[in-house]
Amino acid sequence: MPSEWSKLLLLVYCLLLGGCITQWHYDLGARIDASEQSLPPAGTTLAATLLQFGPPHRMSASDTGYVLAWEHWNVSEISVGFSLGAAGADFLSVDWGRMRAKGEFILMTFDHHNLVSAAARSEWDSNRGGGQAVQPFFGFVSVVDADDLVRRMHQHNWGMGVLSPPTQTLNRDSSPYTGQAGLEQRGTPRGVGQQSLEMH
Amino acid sequence: MKKTATRMALLFIVPLLCACAQYENQRGVDVNWQNDITGRLVKDKSTRQDVLALLGPPSQIISLDNESVLYYLFEHSQGEGLILILYNRMRINTRYDRAVFFFDENDVLIDYATHIYDPDAS
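Just so you know, the protein sequences line up as chains X and D, in that order.
By my numbering, the letter at position 190 of the first sequence is numbered 190, and the numbering carries on one by one without gaps.
Count along the second sequence from 1, add 1000, and you get the number used in my numbering.
Keep in mind that a hint or two might mislead.
[To be verified] Only some residues are given here: those of chain X computed to face chain D with a beta carbon under 10 Å: (1) P56; (2) G65; (3) R152; (4) G159.
Think of the hints as simulated: they come from the structure by calculation, not from any bench.
Please read these numbers as outputs of a predicted model, since none were measured by experiment.
For glycine and all other residues, C-beta sits at the position ideal for the given N, C-alpha and C.
The shape of chain D in the complex, shown without the other chains (with noise of 0.2 Å):
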């Protein structure tokens, strides 16, 4: 009876000591530039205005010599954490979904390049 009592209590306790977490992390604009968005955007045609309709303010702006650039950047950490008192383990994922369009001194786009993470790419 103690004996079955003891394992009941430690099949009780022990549980009660390892914990599991889950971590997640977003920071940066919204991602708006899946394919099909950016695919309205003509190299050589459309301009600086054209791209903030579509996507909205840039993470960052930065002027080249006669050209600018748009840098928009979306950052997905997710974390997964397994406590077990004499032995913790973290893990954390970092991606960074991005977007850079360049312009030339008239403003028309140059040139451009997206990434969306593709989690079953992976």
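Chain X extracted, bound-state conformation (with noise of 0.2 Å):
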């Protein structure tokens, strides 16, 4: 009886102690199902706009009046994983992952007298990024990173633009975030441009 119950215990234990494979699937939005022939031509109304894409995800004032966008996000993110953390064993730890996205984005400008000015459409399904990682006492590094990409929309941090850090209140007139100055896709750089001065 105690070898069985010894080759049980050693098979739960390889199986805590092991690899695993983990998956996480973000779909951010429904399908808009737009060719780019079905994009308006310019001159095209607002109400004649809204009444085929609905309301838009994300808006602002632009210097010629305004810019429209839908979007919609499919993320993928896989990685194999083999640590000791969980016999109890806070080091060496081996990672792989890699990390997926698909998508589209409309952008429609409008002028002062609510008419298309232009509009552009893409669609994307490409390969984000993703690393491998050896680490032999801590765990410092996460080799998949999806954040900047599946985050919530920027509308519900509108009435608390003010209480950000003074770097990011300093730039809010220039920020992409409050829909007065422009907008940007998710996933854009911050590093460079608009929100270079933010310093983040």
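Reassemble the complex: the two chains are provided individually, in unrelated frames, and hints are given to aid placement.
And the structure:
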């Protein structure tokens, strides 16, 4: 009997000790189902556009009128990890991970007369990074990071904008999150461009 | 007898190592833009005050050149997770219920659009 229990415990221990595969799937929004040909031509009214596409996900004022954007993202993340953490030893982890994103984005600009002045659409299905790591003593890094692609819509933080850290508050007039100074897609790097002064 | 005990133990322990999870997250303003409510609004007649009275404070106010926009957003995430120790899978679906209202320089409603996620339609 003890030998049977030993085998069983060994099996359970190996399960806890060994590697595991973890998958995350994020589906953000619904498919837009619009082709390049279905984009409204210049001169189309705002009413007709809203009727076709519904309310936009993002919008902002611009110098020549305003811009509306619709988006759909599908982010898949897979990681394979081996760690001794479950066995009570917080060292030696070996990880491998990959992330893939696909989606579509439609951007339309409107003039001051509420007429479409330009429309564009993009669709992608691409590798968005990944990595592998051997971390003998401490787990410092995650090999896959999808946080900037799956975060909540910025509209929820609009009212709290003035309570941001000083660097971000000073840049508020130029921020793509206020709806007054353009907009940006998910995953846009902050190290350069409009938000570089916010010192992220 | 030994084998039976081992099998019984396996049957008992293996399910303990597995788990499932359910996740839900809701952010934003209450969805008050059902058709029967927005049906009370009339383009070129209703005012910003009418919209605010019906829907309450918006998620965002956007100033255009001579116009303004009230943007309402409700974000709803639902997730399911399957945890089998060796293989774990999490799936999170996020849907955006939203409404946008455009007003002219006199605060009169010139256009609007609404969307409420319908799980049966997807």
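Comparing the hints with the structure gives:
Given the 10 Å rule on beta carbons, the hint for P56 (chain X) holds: about 7 Å separates it from the nearest Cβ of chain D. The interface hint given for G65 (chain X) is met, as the beta carbon of that residue sits about 7 Å from the closest beta carbon of chain D, less than 10 Å. Hint on R152 (chain X) holds. Least Cβ distance to chain D is approximately 6 Å, under the 10 Å limit. With 10 Å as the threshold, the beta carbon of G159 (chain X) comes within range of chain D, its nearest partner Cβ sitting at about 8 Å, so the hint holds.
When the structure is compared with the earlier hints, no violation turns up for any of them.
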